[in-house]
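S.K.: We have chain A already, so just place chain B on it with the hints.
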Amino acid sequence: MIPELGHFSLILALVLALVQAIVPMIGASRNRIALMAVGRPAAQGQFLAIAFAFGCLTWAFVTSDFSLQLAAVNSHTDTPLIYKITGVWGNHEGSLLLWALSLSLWTVAVTVFSRNLPDAFMARVLGVLGWISAGFLSFTLVTSNPFDRLLPAVAQGRDLNPLLQDAGMIIHPPLLYMGYVGFSVAFAFAIAALLSGRMDAAWARWSRPWTTVAWVFLTAGIAVGSGWAYYELGWGGWWFWDPVENASFMPWLLGTALIHSLAVTEKRGAFRSWTILLAISAFSLSLLGTFLVRSGVITSVHAFATDPRRGLFILALLVVVIGVSLTLFAWRAPKLSGGGSFGLVSRDATLLGNNVLLAVATGSVLLGTLYPLFLDALNLGKISVGPPYFEAVFVPLMTPVVVLMVLGPFVRWKGDGLGRVLRPLLPVMVASIAIGLGVAFAVGHVTVRTVLGLVLASWVLLGSAQLLASRFAERRGASAAAVLRGIPAAWWGMWLAHAGIGIFIIGATMAGSLHERLDVKMQPGQTAQLAGYTFTFRGVADAPGPNYDAARATIDVARSGIPVATLQPEKRFYVAQQMPMTEASIDIGPFRDVYVNLGDRLDDGSWVVGLFYKPFISWVWLGCLLMAVGGVFAASDRRYRRLAEREVPAGAARRTT
Amino acid sequence: MKPRSKRLLLVAGAVALLVGAVALVLNAFQQNLVFFHTPTEVAEGKAPVGRAFRIGGMVETGSIRRAADGVTVQFAITDTAKVIPVSYKGSLPDLFSEGKGAVVQGTLGPDGQFQASEVLAKHDENYMPPEAQHAVDQAKKAAQTVAQ
Chain A
1 MIPELGHFSL
11 ILALVLALVQ
21 AIVPMIGASR
31 NRIALMAVGR
41 PAAQGQFLAI
51 AFAFGCLTWA
61 FVTSDFSLQL
71 AAVNSHTDTP
81 LIYKITGVWG
91 NHEGSLLLWA
101 LSLSLWTVAV
111 TVFSRNLPDA
121 FMARVLGVLG
131 WISAGFLSFT
141 LVTSNPFDRL
151 LPAVAQGRDL
161 NPLLQDAGMI
171 IHPPLLYMGY
181 VGFSVAFAFA
191 IAALLSGRMD
201 AAWARWSRPW
211 TTVAWVFLTA
221 GIAVGSGWAY
231 YELGWGGWWF
241 WDPVENASFM
251 PWLLGTALIH
261 SLAVTEKRGA
271 FRSWTILLAI
281 SAFSLSLLGT
291 FLVRSGVITS
301 VHAFATDPRR
311 GLFILALLVV
321 VIGVSLTLFA
331 WRAPKLSGGG
341 SFGLVSRDAT
351 LLGNNVLLAV
361 ATGSVLLGTL
371 YPLFLDALNL
381 GKISVGPPYF
391 EAVFVPLMTP
401 VVVLMVLGPF
411 VRWKGDGLGR
421 VLRPLLPVMV
431 ASIAIGLGVA
441 FAVGHVTVRT
451 VLGLVLASWV
461 LLGSAQLLAS
471 RFAERRGASA
481 AAVLRGIPAA
491 WWGMWLAHAG
501 IGIFIIGATM
511 AGSLHERLDV
521 KMQPGQTAQL
531 AGYTFTFRGV
541 ADAPGPNYDA
551 ARATIDVARS
561 GIPVATLQPE
571 KRFYVAQQMP
581 MTEASIDIGP
591 FRDVYVNLGD
601 RLDDGSWVVG
611 LFYKPFISWV
621 WLGCLLMAVG
631 GVFAASDRRY
641 RRLAEREVPA
651 GAARRTT
Chain B
658 MKPRSKRLLL
668 VAGAVALLVG
678 AVALVLNAFQ
688 QNLVFFHTPT
698 EVAEGKAPVG
708 RAFRIGGMVE
718 TGSIRRAADG
728 VTVQFAITDT
738 AKVIPVSYKG
748 SLPDLFSEGK
758 GAVVQGTLGP
768 DGQFQASEVL
778 AKHDENYMPP
788 EAQHAVDQAK
798 KAAQTVAQ
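One line per chain: the protein sequences are A and B, in this order. So in the numbering used here, spot 296 of the first sequence is number 296, and the numbers just go up one at a time. Counting from 1 along the second sequence, just add 657 to a position and that's the residue number in the numbering used here.
Since the hints were derived computationally from the structure, they do not count as laboratory data. Remember, predicted model here, so these are calculated numbers, not experimental data. Be aware that a few hints might be false.
[As the list claims (entries may be wrong)] Derived lysine-lysine pairs resembling DSS-like cross-links, with alpha carbons at most 27 Å apart:
#	chain 1	residue 1	chain 2	residue 2
1	B	Lys757	B	Lys746
2	B	Lys739	B	Lys663
3	B	Lys798	B	Lys703
4	B	Lys739	B	Lys703
5	B	Lys703	B	Lys797
6	A	Lys382	B	Lys798
7	A	Lys382	B	Lys757
8	B	Lys703	B	Lys663
9	A	Lys267	A	Lys335
10	A	Lys335	A	Lys414
11	B	Lys797	A	Lys382
12	A	Lys382	B	Lys663
13	B	Lys663	A	Lys267
14	B	Lys746	B	Lys798
15	A	Lys382	B	Lys746
16	B	Lys797	A	Lys335
17	B	Lys703	B	Lys757
18	A	Lys414	B	Lys663
19	B	Lys739	B	Lys797
20	B	Lys739	A	Lys382
21	B	Lys757	B	Lys798
22	B	Lys757	B	Lys739
23	A	Lys414	A	Lys267
[Said to hold, decoys possible] A few chain B residues that face chain A, going by a derived Cβ cut-off under 8 Å, partial list only:
#	residue
24	Lys663
25	Leu665
26	Val672
27	Asn689
28	Phe692
29	Arg723
30	Gly727
31	Gln731
32	Gly747
33	Glu788
Every residue gets a Cβ at the ideal spot worked out from N, C-alpha and C, and that includes glycine.
Just chain B, same shape as in the assembly:
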């Protein structure tokens, strides 16, 4: 093979690899991006149905209930404006408790109940998950706009 055609082959190979990688990344992005919604957005019907997304906010005080099996937990997550009921089966993070920030990932059922597959709380008692903080800030901002 001539050096020129060899170089051409190498370049073609590299381009093919890059195109393949980009296709792979875009496809994976398409399928696996998880969007974040505040409880208000969910209540307004802006969240997708049948696709996983995240909700952040505070765990409403007095809302945690355990089913008879002891493992399924019901609680509500709020941004102080709207409240979304959540159901989750499994062990909860150590720092999950009422009145504290949390982020849940899962899908919204037709009954308006959020089926969580994952519950995230933080490693540090004083630290609020940014998404939870964001949801509360948004709700407060909206409330101020209405008040004016």
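Chain A extracted, bound-state conformation:
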């Protein structure tokens, strides 16, 4: 009964989505307030309907209702409660429902927090979001109904894929989807602006906090996913340039460009058509990501059983979204004037440079991700494009981005003198080159990659310190507290996010260059050496879990005779899925991780053990955390609320046609 209620509720949500898609749009074009006002309740009702459907599905999982196909395939009575709940979205149908849920959540958030938007603009934003939602809900209902019954019911479920039974997977998909889907708000704002012909600074200001919040979710989602891959896949890598990872990384890159481009559009009225194009592209890449992940067209380390037929539907949706929005863009964009002019040495120019570079980098990732698909589709052979390609292209493209990133905040809008800009930065430049070379020599790893990474990281971090110092220099005489209080939240956001990039580069460089690995056969009592650490294998004991059997090894780690940690990696065997799983054990430290996994048992009673030394690896995620926190600061700036209020009475952009 409850699944049927959920199914009905989902159909109701589709009807409400269509109402939200059509009625306010008509109202906006005919200037009928009554019709425009339908959008808000329709969106809120739709959210309740989807949330109810989601609740029904969750209920079926929690109560182990195996007459529901989805629960029977993805759950088990012995599955721990938390994984029964996350099992709801650990599959195709459920994850689409999560997609729809987060879209409706964003829509409701817009109706609640952007109350001050002009009625016609709000109506169009809701209309666009309604169309997207209608597309996804019909996709869910037609091709991937999560409420399909399994009759007769089975006595026991098949359990959730063991790889997904992990703490990281509890929050990774919701965060990632909130990020992906969040760009739909920026997209809707852009389309509404094109429709209304209102593409001014006010539009950019309304759109900015939404875009930043979506970016924060995406950043956090990608970081958590990468952390999951690091400890759960058991090979100690954190980024594989896998198509599914690229699928989330491409919207992130363009989203980063969009955030900065919106800043220029708001402050200087420039880059208007570029900003709109970026908003359209970022959301299109989010849809492409959904297509890549959900269609099964790619070979990926993350490719769980998928269904190619469904891919066609998302592909059609993607073509419609891109086609319609680009047509609209082509029709409206010529009306946009260029905005204010600027000199070659100006903040506008640095931001333009970085925008173009980020877009080109996104293009190169897109090419590497899709090229094998094209070749395969045209029957020209099967190939794969691995990490070496992406590293060879991405690092050279990102190097100037990082250089410009530090320059940007020192340069004035519109035009500036090169001498004035470089004066505080010359010592930073010299120091970072010296530090980069010095550290590379000190750790005995003088390669182009290591030196480049260390120089860039020092450049970012010292540059950030210098930027803060220049804030003090500007207000000489004021107390330190007064200076710090006087800095707006948005500035702190920028500062933190940029410093986060520096921290991230340190982590990626050091872990990439200096990691060590040893696969070794061990018997109880034997020791092995790696990177100055002594690993003593104490033996293996049984450690049964709720829905798996496990062999748990105990390995003591010591350095110069002093005990550091006792690690207990496991080799699990999930009973219902008949699937083995390696559960790594990690001693996390501020400057290094010691990582151990347990391989196969050999006939003579010994075990294969994988030992890893990963210097500075946690800085990768610390950097991402700083970026996300920076985003939160930026979005919370009082300016948005205050200016929005002041601007609104003048929001006379209602079309009078």
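M.R.: The following block gives chain B in isolation, referenced to the frame of chain A:
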């Protein structure tokens, strides 16, 4: 600077960037594309020597052997028509087992032994890597053609 010459400079800069990026991409493609070959193609000598490529197929039943160090593994990969011996040093993926699909990446030695640097199996017990499936399908198709 006049606005016109400034615009010209910007356009020139953008073009230079684009040309640089394209050169970078092509160069990286040239060096880093990994082609896929079926065991039959490898046996027929169609695979490159000294350059990395991928083979997909099934791990032949009864072929997995461990060397004395416990870490080096020998196995054979087959598309049901031809069998290619593979040597690999390191930990194997959880779902790697005999009779199951796998994809290996590495280089072909002069002795016909494939030195794998990477072994890929899948996350899901019921899921066959597309390349492995492709190799088996090709071999079956060839066998049918011969039978006719």
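S.K.: Each hint needs a verdict: does it hold in this structure or not?
M.R.: Hints, verified against the model:
With a CA separation close to 19 Å, the supplied pair B:Lys757 and B:Lys746 stays within the 27 Å bound. Taking the CA atoms of B:Lys739 and B:Lys663, the gap is about 64 Å. The hint is violated against a cut of 27 Å. Annotation: proposed proximity of B:Lys798 to B:Lys703 holds, straight-line Cα distance about 18 Å (limit 27 Å). The suggested pairing of B:Lys739 with B:Lys703 holds, with an alpha-carbon distance near 13 Å, which does not exceed 27 Å.
Among the hinted pairs, B:Lys703 with B:Lys797 is consistent with the structure: their alpha-carbon atoms are about 19 Å apart, no more than 27 Å. Of the pairs offered as hints, the one joining A:Lys382 and B:Lys798 holds, with about 17 Å between alpha carbons and a cut-off of 27 Å not exceeded. Between A:Lys382 and B:Lys757 the alpha-carbon distance is near 20 Å, which keeps this suggested pair within the 27 Å criterion. Under the criterion of a C-alpha separation no larger than 27 Å, the hint pairing B:Lys703 with B:Lys663 is inconsistent with the structure, at around 54 Å.
The hinted pair formed by A:Lys267 and A:Lys335 meets the criterion: a straight-line CA distance of about 20 Å does not exceed 27 Å. At most 27 Å may separate the alpha-carbon atoms for a hinted pair to count; A:Lys335 and A:Lys414 meet this at roughly 23 Å. Distance check on the hinted pair: B:Lys797 and A:Lys382 sit about 18 Å apart at the alpha-carbon level, within 27 Å; holds. Simply put, A:Lys382 and B:Lys663 have alpha-carbon atoms about 46 Å apart, too far for the 27 Å limit, and the pair is violated.
This hinted pair checks out: B:Lys663 and A:Lys267 have alpha carbons roughly 22 Å apart, not beyond 27 Å. The straight-line distance between the Cα atoms of B:Lys746 and B:Lys798 is roughly 33 Å, outside the 27 Å bound, and the hint therefore fails. Taken as a hint, the A:Lys382 and B:Lys746 pair is honoured in the structure, with Cα atoms around 26 Å apart against an allowance of 27 Å. Pair hint B:Lys797 plus A:Lys335 does not hold up; C-alpha atoms about 60 Å apart against a cutoff of 27 Å.
Taken as a hint, the B:Lys703 and B:Lys757 pair is honoured in the structure, with Cα atoms around 25 Å apart against an allowance of 27 Å. For a cut-off of 27 Å, the pair hint linking A:Lys414 to B:Lys663 stands: about 14 Å separates their Cα positions. Among the hinted pairs, B:Lys739 with B:Lys797 is consistent with the structure: their alpha-carbon atoms are about 11 Å apart, no more than 27 Å. With a CA separation close to 19 Å, the supplied pair B:Lys739 and A:Lys382 stays within the 27 Å bound.
In summary, the hint linking B:Lys757 to B:Lys798 is supported, as the alpha carbons are separated by about 20 Å, within the 27 Å threshold. For the proposed pair B:Lys757 and B:Lys739, the alpha carbon gap of about 16 Å is at most 27 Å, so the pair holds. Taking the CA atoms of A:Lys414 and A:Lys267, the gap is near 10 Å; set against the 27 Å cutoff, the hint holds. The interface hint given for B:Lys663 is met, as the beta carbon of that residue sits about 7 Å from the closest beta carbon of chain A, less than 8 Å.
Nearest Cβ of chain A to the Cβ of B:Leu665: about 12 Å, over the 8 Å cut. The hint is violated. For B:Val672, the suggested interface contact is broken, since its CB lies about 11 Å from the closest CB of chain A, more than 8 Å. Checking B:Asn689 against chain A by beta carbon gives a least distance of about 4 Å; that is within 8 Å, so the hint holds. Of the supplied interface hints, the one on B:Phe692 holds, with its beta-carbon coming within about 5 Å of a beta-carbon of chain A, less than 8 Å.
About 6 Å separates the beta-carbon of B:Arg723 from the nearest beta-carbon of chain A, less than 8 Å, and the hint is met. A cut of 8 Å between beta carbons decides the hint on B:Gly727: the least distance to chain A is about 3 Å, and the hint holds. Taking 8 Å as the C-beta cut-off, the interface hint given for B:Gln731 is violated, the closest approach to chain A being about 14 Å. Hint on B:Gly747 holds. Least Cβ distance to chain A is approximately 5 Å, under the 8 Å limit.
Using the Cβ-Cβ criterion of 8 Å, the hint placing B:Glu788 at the interface with chain A is satisfied: the shortest such distance is roughly 6 Å.
Hint violations for this structure: numbers 2, 8, 12, 14, 16, 25, 26 and 31, all remaining hints satisfied.
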